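Novice: Residues per chain, in single letters:
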Amino acid sequence: MQSEVLKGHADLLLLAALEAGPAHGYAIVEAVRSRSGGVFALAEGTVYPALYRLERRGVVSSDWAEGDGARRRRVYRLTQKGRTELGERRETWGDYVRAMQAALA
Amino acid sequence: MIDGVLDELANELDAVGVRGAYARRLLAEARDHLNEAASVRGDEDAVRGFGTPRALAELVAAELATARTRIAAIGAFWVLAAAGTFYALMFVTLQSAGTPDSFAGPVPGLGALALAGVVLFPQIAFVAGCLSLVRALRLRDRGPLPAAELSMQRWRTGVAASAGLLTLVSLAAVAADLGGELASWWVIVAISGSALLAIPLATVGGMNIVSARTRVADSGAAETVFDDLALVGRLPGGDRLPIPSRPGRLALAVAGVAAAAVGVAGIVAGDPIDGVLRALVEAAAVLGCYRLLGRRLGLRF
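So the protein lines, in turn, are chains A and B.
According to this note's numbering, the stretch in the first sequence is residues 1 to 105, in order.
According to this note's numbering, the stretch in the second sequence is residues 1001 to 1301, in order.
Hints are computed from structural coordinates only; laboratory data are not their basis.
Treat the hints with care, as some may be off.
Straight-line C-alpha distance at most 20 Å; calculated SDA-like pairs for lysine to any residue [as the list claims (entries may be wrong)]:
| id | chain 1 | residue 1 | chain 2 | residue 2 |
| --- | --- | --- | --- | --- |
| 1 | A | Lys81 | B | Arg1142 |
| 2 | A | Lys81 | A | Glu91 |
| 3 | A | Lys81 | B | Gly1143 |
| 4 | A | Lys81 | A | Ala20 |
| 5 | A | Lys81 | A | Val39 |
| 6 | A | Lys81 | A | Gly21 |
| 7 | A | Lys81 | B | Arg1140 |
| 8 | A | Lys81 | B | Ala1222 |
| 9 | A | Lys81 | B | Ala1258 |
With the C-beta cut set under 7 Å, the calculated list includes, among others, these residues of chain B facing chain A [to be verified]:
| id | residue |
| --- | --- |
| 10 | Glu1029 |
| 11 | Asp1032 |
| 12 | Glu1036 |
| 13 | Val1047 |
| 14 | Phe1050 |
| 15 | Gly1051 |
| 16 | Leu1059 |
| 17 | Val1060 |
| 18 | Glu1063 |
| 19 | Ala1067 |
| 20 | Ile1071 |
| 21 | Pro1106 |
Computed from a predicted structure; not experimentally measured.
Just so you know, even glycine gets a beta-carbon here, dropped at the ideal spot from N, CA and C.
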């Protein structure tokens, strides 16, 4: 899908990908890709500034953790505020999709 | 191949002014990401999927500049709110501290000049501070903003902080120059309070300047004052305030309202001639500021 179209919804996709549990950047990108059946392919590097922004807003938190082979990774997780926001945005998005489907039917 | 991309990313980040802990964290995460992707898909595919270092550096710069500009704007508003409260208290208590002759100080003209500053600069700080806050709050959920938008936001914050500082300097100058005719407690509070409040005000001014160090490539246009007024101009019940739709007319309307308020205050105080003269000066000052700063603050375009 075109990156310009995705850009407006990247935050929602990142929050949804983190709903299942904490993950590092690469795993988040892969989660978005697999959950969308390969349709949503984010420019992978762009998830980091987006994650930093979400962290500044307090909807995501992160810390360094030991990964495979003693490699340190930054792991991101949803905060309570993030879960609330995800719920609200999911509802808004559902309304939009239903309205769009009705309009196009 | 991955090391080459990381070196390029480090150079691009440096070129757009993203340095220090933020750059180190991004580079560490980029290395982790690329290594993991390469172990699954190979180096070439990992690098292609990651995106170009320049595009990423530009996005990071825009995100960082937007966040820093917003923080400076909101910080400036809170410090100005504290300075405004202090100013109001000093202004109200001035009557009980004495009625100095503005030309009686040891430095010729300084007292009169400082008193003029005490009246003019708070108004500029208030207007620019409100414009800055409204814009910062209105666009708070947007992603990275264009360079022109950030520049205007910084001008609003910078003018507000500068005018706030000049207000404090003027207040301290009044106390220092005319102190012989004022109660000593008022002089001490005015000078020490101004000095104390100048520190956080100068700090947020510095933060505002630092926010301009990251270079933003997005060449989109800045919004105007009418976009701000669309938010604050709504009345209960859905009606809208009758706000002029052209910049010049808006400036004339604001000048008229400000002049009327000053004139009425003069009439109420029992000196209508003085009230009318002050109203004319007020209108001229508003229009002068509009002419001087209007374009930078997004008031005319």
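Novice: Of all the hints numbered above, which does this structure not satisfy? Sort the numbers upward.
Specialist: Numbers 5, 8, 9, 13, 20, 21, in rising order.
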